[in-house]
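Asker: Take a look at the letters that make up each chain.
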Amino acid sequence: MTGKETPAPAETVLAVRDLTVGFATETGAVRAVESVGFTLRRGRILGLVGESGCGKSVTAMAVMRLLPTPPAFVESGRILFDDEDLLTFPENRMRTVRGNRIGMIFQEPMTSLNPCFTVGFQIGEVLRFHRGMNRDAARDRTVEVMEGVGIGAAGSRVDQYPHQLSGGLRQRVMIAMALACDPRLLIADEPTTALDVTVQAQILNLLAQLQERLDMSVLLITHDLGVVAESCDHVAVMYAGRIVESAPVEDLFTRPAHPYTYGLMSAIPRLGRRSEYLPTIAGMVPSLDHRPVGQCYFAERCPRAGERCFREIPPLTSRRENHECACWNPHDA
Amino acid sequence: MTHDPTMTHDLLKVEGLRKYFPVKGSPRKVHAVEDVSLRLRHGETLGVVGESGCGKSTLGRVILRLLAPTEGRIWLDGVDVAGLGPRQLRAARRDMQLIFQDVYASLDKRQKVGQIIAEPLTVHGVGDRKARRERVMELLGMVGLEPSAADQYPHEFSGGQRQRIGIARAIALSPKLVVADEPVSALDVSIQSQILNLLVDLRKQLGLSYLFISHDMAVVEHICNRVAVMYLGQIVETAPVEDLFSGPRHPYTRALLAAIPRPDLRRRRGERPLLHGEPPNPETPPPGCRFHPRCPQAMAVCRSTAPPEYSAEGAGRFHGVKCHLYG
Ligand SMILES: Nc1ncnc2c1ncn2[C@@H]1O[C@H](COP(=O)(O)OP(=O)(O)OP(=O)(O)O)[C@@H](O)[C@H]1O
Ligand SMILES: Nc1ncnc2c1ncn2[C@@H]1O[C@H](COP(=O)(O)OP(=O)(O)OP(=O)(O)O)[C@@H](O)[C@H]1O
Ligand SMILES: [Mg+2]
Ligand SMILES: [Mg+2]
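Going line by line, the protein sequences match chains F and D. Counting from 1, position 133 in the first sequence corresponds to residue 133 in our numbering; the numbering is continuous, with no gaps. Position in the second sequence (first residue = 1) + 1000 = our numbering.
Just so you know, the hints here were simulated from the structure itself, not pulled from any lab data. Careful, some of the hints might be misleading.
To be verified - Some but not every residue of chain F turned toward chain D, in silico, with C-beta under 7 Å:
no., residue
1, Ala10
2, Asn100
3, Gln164
4, Val199
5, Ala229
6, Leu271
7, Ile281
Cβ atoms here follow ideal geometry from the backbone N, Cα and C, with glycine treated the same way.
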């Protein structure tokens, strides 16, 4: 993201540049993420939104260098974390970053918590590994971080197993584990999707409080535009592996430029605005192995598509301050 | 079979319905549905909302008699469904169908879409092969799929298209009542609106009545005429949709509405009133009002006495609320 800077912007914590990630499949290579770029500054929350399969998790896993290679391969790009390219780190150095300077909350809490160990042991392990704490110190700190994320009776809950906890508490444990080492960057992949709204509201508030208190940067991945509106400072909208629009949250919601963003905003039913029929986006997202070549991926579904859209890939270009859009015929042109 | 003369306008009437599940190795029972009463008028869409595990799906399944009720009465178009034997139940099933959330799991992967949609017709011996095939083609058209879909398999379709297949199967026998259990929850927003519009179309064309189960309040507000809010097995508030959303009465309904993240930027994080804790275990529901441990307005009486349903005034329309604040 280039564009004009506001006065004295906070320092950049994470800058992803031109990231392209492919997967080798039986029928040939496919690209899950294409030329993705974004900038996350200190103490800010960047939302990465898009429909299922658009490449949000692959982007996050690529940043964490957790994609299985093969079948995954990074075709191009740089992932600058505090100005160092994570893609150049050897695995042993990367291991000192993960769970330490970068915390991560994964999309499926049950798969990332080991059912065979107590939650206290699992949080403690992070502290023993990264901080070299002994058992007692790790346990004390574990109780402290569990309390910090609002887990009541943390002193006894440390000895419980994941299945003994409710979904909301498990999610808090995941957050506690991700925050145990005071990371500079938190990557949260759908941290509330599996939760009920009343519990989701608690977790989102908690994340916002912790983020502010720790001056942490957060990459928040979600498909829920409501969550984005309430939590994020800046939003990047993905469609079929590419970022199609990127803007400060107010600007995105009041003046969406990309026809896809515009369509999404109208297609969601909103409280207090009843109508018999909802506007729709015709058709569906092209599957990974059927993405058209050398054109805008949204063109087939786009009500504003012109001839150029089927000939040339629109680059992400700056429209207004910090507002970028990849479209030949955007809404506010 | 008993007929209830009072229900001239009601397609469905449920009274005092309970469903308890046994707990393995314990004398306790899961109180999944606890004393639920509701009515659904012809052509109406009644939303059932509430958080995970509050008993929405169980309620829907008991009404369809896919699960036997522990207690209570269910009338469909005047027929007492709860009391039907297996034979009569089979006949009654023609009139009530289910649309599933987990579309893919509910479609037999080895069958072609044509067979899947024709299944209810086959089971109930409707028409001959040719007539059934014609009906399948008609149904495919109604749900917006190509005729060629009949000869394809479910895995060849996207999530939204699979839901269309599930809907075609559900309406094959022209049922009176369709229980739609989270029909769009698994779908992306851009597909969700397509399916919601289809459900609205079918309601108009076929005069269907829906019991629409969902945890998404915005979707419910969009599609329903009336809403029932469930908490821990009980319906705590029932009202016409406009009244419920503009003037929620029950503290739980208020908290639920406040918790929804809204894509309208008018509120930002940290500004909403929060409900503490999580719903209690339905094996050991709290005494008194089931919501009292989480209720910001709980009074002494709430801890001991379960509130009856009070009628809150509302432009002459019924607005029921189970809360002592309105007693
Ligand atoms: N190991 C893999 N091999 C092949 N394709 C993969 C693999 N992992 C992911 N993909 C594909 O990459 C694309 C992007 O997946 P990703 O998980 O990033 O989506 P997402 O945006 O996180 O979706 P969701 O909202 O459903 O979590 C998908 O089409 C997915 O099928
Ligand atoms: N077959 C069963 N045996 C035992 N308990 C069950 C069974 N089916 C449901 N339950 C329990 O009954 C309660 C209500 O479940 P139900 O599936 O009806 O909830 P729901 O409101 O549909 O939730 P969700 O939103 O997650 O679908 C839950 O506590 C559930 O664990
Ligand atoms: Mg994902
Ligand atoms: Mg359910």
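Asker: Each of the hints needs a verdict: does it hold here or not?
Answerer: Hint by hint, here is what the structure shows:
no., hint, verdict
1, Ala10, "19 Å, violated"
2, Asn100, "26 Å, violated"
3, Gln164, "12 Å, violated"
4, Val199, "6 Å, holds"
5, Ala229, "5 Å, holds"
6, Leu271, "5 Å, holds"
7, Ile281, "4 Å, holds"
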